[in-house]
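Novice: Sequence order for the protein chains is A, B, C and D. Using the numbering used here, read the first sequence as starting at 16 and increasing by one per residue. Using the numbering used here, read the second sequence as starting at 16 and increasing by one per residue. Using the numbering used here, read the third sequence as starting at 2 and increasing by one per residue. Using the numbering used here, read the fourth sequence as starting at 2 and increasing by one per residue.
Careful: at least some of the hints might be erroneous.
Said to hold, decoys possible - These stretches of chain B come out as covered by chain A in the derived footprint (C-beta under 8 Å, 3 or more residues):
| no. | stretch |
| --- | --- |
| 1 | 58-64 |
| 2 | 71-84 |
| 3 | 98-105 |
| 4 | 260-271 |
| 5 | 275-283 |
For the record, the hints were derived by calculation from the structure and aren't laboratory data. In this text, a Cβ means the ideal position worked out from N, Cα and C, and glycines have one as well.
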Amino acid sequence: MAGLTVAVAGLDVVSPVIIPAGPGGFGTELRERYDLTALGAFTAKTITPHARIGNPPPRLVDTGFGLINSIGLQNPGIVAFLDTVYPTLLPFPTHLFLSIAGETVNEFEDMARTLAGVEGFDLLELNLSCPNVEASCGVIGANPQAVHDVVVAVRRAFPDRPVAAKLPFEVPDVAGVVRACEQAGVDVLALFNCPHAARFDVATGKPFLARVTGGFSGPALKPLTLAKILAVRSLTHLPIIGMGGAWTADDVLEFRCAGADLVGMGLHTLQDPAEVCTIAHEFATGSS
Amino acid sequence: MAGLTVAVAGLDVVSPVIIPAGPGGFGTELRERYDLTALGAFTAKTITPHARIGNPPPRLVDTGFGLINSIGLQNPGIVAFLDTVYPTLLPFPTHLFLSIAGETVNEFEDMARTLAGVEGFDLLELNLSCPNVEASCGVIGANPQAVHDVVVAVRRAFPDRPVAAKLPFEVPDVAGVVRACEQAGVDVLALFNCPHAARFDVATGKPFLARVTGGFSGPALKPLTLAKILAVRSLTHLPIIGMGGAWTADDVLEFRCAGADLVGMGLHTLQDPAEVCTIAHEFATGSS
Amino acid sequence: MTDVVVRQMSFSTDRSLLLLTVDWRAAARPGQFAMLKVGDWPVVPRPFSICAQDREAGTTSFLIRRRGLLWDQLLRLQPGATVQIKGPLGNGFPELPAPLLVGGGCGVAPLLFVAATRPVAGFYAGVASAAEQAFLAPLLPAGTVVTVKPQFVTDAFLASRSAGPVFACGPSSMLRVLANRYRGGPIWVSLEERMACGEGLCKGCPVRRREGSVALVCSDGPVFPEGEVSWTWQD
Amino acid sequence: MTDVVVRQMSFSTDRSLLLLTVDWRAAARPGQFAMLKVGDWPVVPRPFSICAQDREAGTTSFLIRRRGLLWDQLLRLQPGATVQIKGPLGNGFPELPAPLLVGGGCGVAPLLFVAATRPVAGFYAGVASAAEQAFLAPLLPAGTVVTVKPQFVTDAFLASRSAGPVFACGPSSMLRVLANRYRGGPIWVSLEERMACGEGLCKGCPVRRREGSVALVCSDGPVFPEGEVSWTWQD
Ligand SMILES: Cc1cc2nc3c(=O)[nH]c(=O)nc-3n(C[C@H](O)[C@H](O)[C@H](O)COP(=O)(O)OP(=O)(O)OC[C@H]3O[C@@H](n4cnc5c(N)ncnc54)[C@H](O)[C@@H]3O)c2cc1C
Ligand SMILES: Cc1cc2nc3c(=O)[nH]c(=O)nc-3n(C[C@H](O)[C@H](O)[C@H](O)COP(=O)(O)OP(=O)(O)OC[C@H]3O[C@@H](n4cnc5c(N)ncnc54)[C@H](O)[C@@H]3O)c2cc1C
Ligand SMILES: Cc1cc2nc3c(=O)[nH]c(=O)nc-3n(C[C@H](O)[C@H](O)[C@H](O)COP(=O)(O)O)c2cc1C
Ligand SMILES: Cc1cc2nc3c(=O)[nH]c(=O)nc-3n(C[C@H](O)[C@H](O)[C@H](O)COP(=O)(O)O)c2cc1C
Ligand code: FES
Ligand code: FES
Chain A
16 MAGLTVAVAG LDVVSPVIIP AGPGGFGTEL RERYDLTALG AFTAKTITPH
66 ARIGNPPPRL VDTGFGLINS IGLQNPGIVA FLDTVYPTLL PFPTHLFLSI
116 AGETVNEFED MARTLAGVEG FDLLELNLSC PNVEASCGVI GANPQAVHDV
166 VVAVRRAFPD RPVAAKLPFE VPDVAGVVRA CEQAGVDVLA LFNCPHAARF
216 DVATGKPFLA RVTGGFSGPA LKPLTLAKIL AVRSLTHLPI IGMGGAWTAD
266 DVLEFRCAGA DLVGMGLHTL QDPAEVCTIA HEFATGSS
Chain B
16 MAGLTVAVAG LDVVSPVIIP AGPGGFGTEL RERYDLTALG AFTAKTITPH
66 ARIGNPPPRL VDTGFGLINS IGLQNPGIVA FLDTVYPTLL PFPTHLFLSI
116 AGETVNEFED MARTLAGVEG FDLLELNLSC PNVEASCGVI GANPQAVHDV
166 VVAVRRAFPD RPVAAKLPFE VPDVAGVVRA CEQAGVDVLA LFNCPHAARF
216 DVATGKPFLA RVTGGFSGPA LKPLTLAKIL AVRSLTHLPI IGMGGAWTAD
266 DVLEFRCAGA DLVGMGLHTL QDPAEVCTIA HEFATGSS
Chain C
2 MTDVVVRQMS FSTDRSLLLL TVDWRAAARP GQFAMLKVGD WPVVPRPFSI
52 CAQDREAGTT SFLIRRRGLL WDQLLRLQPG ATVQIKGPLG NGFPELPAPL
102 LVGGGCGVAP LLFVAATRPV AGFYAGVASA AEQAFLAPLL PAGTVVTVKP
152 QFVTDAFLAS RSAGPVFACG PSSMLRVLAN RYRGGPIWVS LEERMACGEG
202 LCKGCPVRRR EGSVALVCSD GPVFPEGEVS WTWQD
Chain D
2 MTDVVVRQMS FSTDRSLLLL TVDWRAAARP GQFAMLKVGD WPVVPRPFSI
52 CAQDREAGTT SFLIRRRGLL WDQLLRLQPG ATVQIKGPLG NGFPELPAPL
102 LVGGGCGVAP LLFVAATRPV AGFYAGVASA AEQAFLAPLL PAGTVVTVKP
152 QFVTDAFLAS RSAGPVFACG PSSMLRVLAN RYRGGPIWVS LEERMACGEG
202 LCKGCPVRRR EGSVALVCSD GPVFPEGEVS WTWQD
């Protein structure tokens with residue numbers, strides 16, 4: 016395998032393999048236990064204006080070829096995150112991306128302003144697409160006008176570092192949303208968050224998850240994700256972080272064939288962070 | 016397992032397991048080689064006003080947990096179908112459903128009128144959702160007004176037997192389309208046709224399929240299909256034929272938990288028709 | 002995950018339980034668990050308590066109940082085959098000298114490991130069938146009280162009027178009966194929740210603490226002082 | 002699909018070819034194929050030509066090249082394990098008495114079966130490496146002309162100035178060279194196309210006929226008179 020380093024939104028990225036928001040947690044544990052230097056980037060789990068305890072259990076159900084999760088953005092809130100978690104991350108061994116979600120334009124803007132004053136991370140990702148919360152942060156990404164408004168406000172409050180927009184898997188008007196991202200000044204598209212999925216226990220007739228549906232991820236998704244990334248690639252020159260089903264080094268290459276610049280490995284990170292780092296390392300060094 | 020016969024749109028169906036349009040071909044071969052009596056129904060592959068040679072090869076690519084197909088509605092056209100294929104099907108050993116696709120309201124209406132004069136089948140399915148043709152029959156199902164217009168015309172021309180609408184996997188306004196189906200007089204919803212998917216050959220960087228994307232089916236889809244069926248079930252009392260990822264007898268039960276009345280097994284039929292008949296038989300007789 | 006070789010597989014006569022022994026010498030404490038996976042599929046590993054370790058032979062054993070997708074894959078294994086493992090994970094039981102052990106079903110697995118590391122004040126095991134009883138008998142320390150369904154292990158234990166610290170593992174209904182009715186000493190419970198990472202990353206395995214915060218069964222547990230655990234979830 | 006037991010597996014020294022022998026006595030004609038699947042995954046079976054049958058032993062053999070997902074599953078098999086099979090499928094070669102055989106790569110598989118059922122006027126086999134040549138040698142009839150890459154089997158065959166009916170199987174580039182340059186008699190080609198059902202149901206494996214219609218490789222073929230096949234696809 017030839018080495019593959021990538022420049023995205025002004026960042027030199029040592030490997031196209033990144034860890035997307037959520038499956039790697041906030042980074043404290045990973046950073047202690049694994050050698051993350053060969054990763055292109057690590058994205059910390061989404062943080063919100065206030066602490067969230069997340070959804071009731073069961074939060075997970077396996078589907079054989081993937082996993083449905085219903086975490087519900089469990090996080091300590093931005094203040095506690097910056098006070099207690101963030102200091103343990105620095106300096107981070109690779110590019111550090113932070114992910115935020117709000118329910119209103121103001122919430123996004125306030126968080127962005129706070130983070131504009133915080134050193135040590137390289138990109139701000141807007142989670143416009145969490146499938147596991149009822150509030151509007153779960154659906155903003157499907158609405159071109161809402162996307163536009165959030166991004167414009169964030170750009171104003173957070174002018175100096177790149178901003179990524181993480182879009183939902185199911186968007187009625189993809190072209191409209193992509194155009195809104197371009198016009199409002201997004202630097203990177205993160206495609207996609209998990210689509211809605213469900214499983215039922217046939218013994219009881221009841222759903223496995225407390226909240227019935229959750230977000231689906233894993234290798235089962237790959238063929239669907241690839242078609243969607245290809246469609247977006249034909250609409251824009253913005254750099255794309257592709258994710259949803261990437262598991263192997265060949266998958267990373269396949270995502271790049273479809274038009275992704277960087278590739279996130281969510282479920283794989285969650286089951287085996289060391290292996291994801293090894294795959295990243297193969298790309299970083301060109302060994303295999 | 017308890018026996019499970021179902022009444023749908025006035026038809027007594029011996030088993031909830033059916034063969035959906037396409038994977039079983041037109042029925043001639045299946046009828047000769049397999050005992051179809053325990054199936055709830057068999058749907059013949061979609062026919063169109065004129066013969067179609069279908070898409071260039073490669074038409075298939077495997078994804079491990081499923082298959083992407085790009086058949087492109089290869090069929091002899093309604094006239095040749097009725098002259099040469101249809102007579103070999105009768106009498107059909109279980110309920111026979113026919114599937115049609117047109118590019119305009121008129122084409123649907125004309126085919127429906129022709130079929131209104133044809134005895135020997137039990138339900139007419141409108142394929143409003145083929146992912147593998149560029150013409151409008153691939154997208155009608157995503158547009159409430161178009162669905163309404165097609166169904167109203169078909170109902171007028173084909174008044175005496177039930178009509179099913181087969182909807183696309185990706186519908187921006189599901190509630191609108193379901194309402195259009197109800198108002199225009201659809202008897203059964205067939206949910207769903209295959210979503211768009213793609214795979215690339217990393218050795219060449221090129222897509223595996225001649226037409227780049229195709230329709231995805233197989234067990235990988237099940238969790239996504241179940242969430243979508245559940246959403247439609249909350250919108251309507253119309254009977255639902257669920258499909259997209261059903262493989263085992265337990266899957267059939269799981270689809271029914273989500274709200275499906277009947278369950279189509281596409282990919283499984285294509286690899287092993289005998290096994291699908293056995294599963295159907297278990298439900299028909301209550302043995303297992 | 003690390004590849005390890007299957008040394009031995011033995012099934013109960015009704016094939017509802019499997020004792021799986023693999024070549025893995027990771028130093029584990031009783032109450033810790035490992036994530037196991039067989040082949041490529043299912044892609045998500047499952048958590049299983051460490052049931053025994055043989056330091057000399059360099060092996061670790063798991064007691065696995067018949068259930069779901071992974072079981073079908075386990076059935077295809079032969080000694081010499083490879084499985085993937087990640088661990089040991091979790092906190093384990095405290096280092097108390099002579100606990101009372103109360104286990105239901107596969108909940109006996111971590112307690113067997115406790116009993117192998119120290120003298121215990123009593124061992125109460127509830128099993129589903131006579132076949133399981135026969136299968137577990139050689140693994141249980143002398144003097145273990147075994148109840149078979151429809152008998153409840155909690156009834157036998159409470160009737161014994163034992164007193165002292167308890168380590169309990171089993172279905173949550175069983176743990177709640179103990180929590181409500183045992184007054185003879187502190188209880189540590191080993192909880193189960195669906196897991197994916199097993200190491201605190203995914204936040205998939207929450208349990209509410211009485212004071213309101215959320216703990217993770219995999220990395221804050223699976224063993225908790227019973228008094229800390231809230232058995233319901235309120236927003 | 003039917004479960005059948007693996008009797009024997011032998012690999013070429015470079016492990017690029019596998020001769021897989023299973024307990025399956027379905028009566029097949031040379032040129033027919035079967036759909037094979039290993040375990041639950043990949044879910045779609047793959048087509049492989051029947052390469053040999055031993056009526057007495059009740060076995061059937063396939064010659065399989067290293068490639069893709071199924072290969073990884075095949076590597077996990079041991080004799081005694083079970084694979085799933087559907088067949089025999091397809092039309093097979095015509096019953097001509099003494100054909101000339103020209104095969105490239107795994108295309109030799111169906112031709113080996115032809116040669117086992119009748120005297121042949123000549124056998125030309127192109128292989129990828131010396132390791133493959135050594136592996137195939139005991140299977141090929143005496144007098145077979147073997148070419149090793151970068152030599153072309155079509156060059157050797159055309160240079161021999163043979164005449165008579167030809168059965169050919171291999172990469173489509175090879176078949177097209179034969180079609181363009183061989184004038185010594187009729188040619189039957191065995192085609193490859195991606196398949197899913199193997200029995201004419203899914204319409205996934207089309208080939209255009211010169212007269213414009215679409216045939217299915219699985220059920221109208223895989224063997225076609227060369228003159229019927231259109232090597233390009235025009236709308
Ligand atoms: C710390 C810990 C230790 C454990 N130790 C043991 C042990 O020693 N022996 C043992 O037999 N089991 C043990 N378990 C339980 C074991 O992990 C589950 O029984 C197993 O994961 C389910 O099998 P499966 O996933 O293959 O079945 P699946 O077919 O995947 O499960 C069927 C359905 O049940 C769901 N499911 C999966 N896991 C669970 C679960 N834990 N609870 C409820 N539903 C679930 C699945 O999502 C699936 O939809 C332990 C669990 C934990 C958390
Ligand atoms: C009638 C017939 C007879 C055959 N006989 C033999 C035989 O005797 N020995 C033998 O080794 N092979 C034979 N083949 C080819 C064999 O079926 C493919 O090589 C095999 O299916 C590919 O392996 P895989 O699917 O596990 O790889 P995968 O990993 O699934 O394939 C890698 C990629 O290639 C694609 N692919 C799958 N099949 C094909 C194909 N046929 N052509 C091009 N791309 C494909 C897959 O979709 C996948 O995306 C035959 C094919 C046909 C149609
Ligand atoms: C357990 C889990 C938690 C997740 N949490 C978040 C999150 O907090 N914010 C977010 O933007 N995406 C979240 N995601 C989505 C991932 O960032 C990513 O889009 C997805 O996992 C990619 O698919 P893959 O798992 O198949 O690689 C989560 C995914 C999983 C599996
Ligand atoms: C090879 C193939 C051909 C298909 N052709 C048609 C078709 O002609 N008309 C149609 O409405 N659906 C067609 N479908 C979709 C199926 O009817 C069905 O929606 C799908 O296969 C269900 O998913 P499953 O394969 O996972 O069971 C086809 C599917 C496959 C796999
Ligand atoms: S299983 Fe992932 S946090 Fe516990
Ligand atoms: S493989 Fe299905 S029609 Fe040929």
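Novice: Flag every earlier hint the structure violates by its number, smallest first.
Specialist: 1, 3, 5
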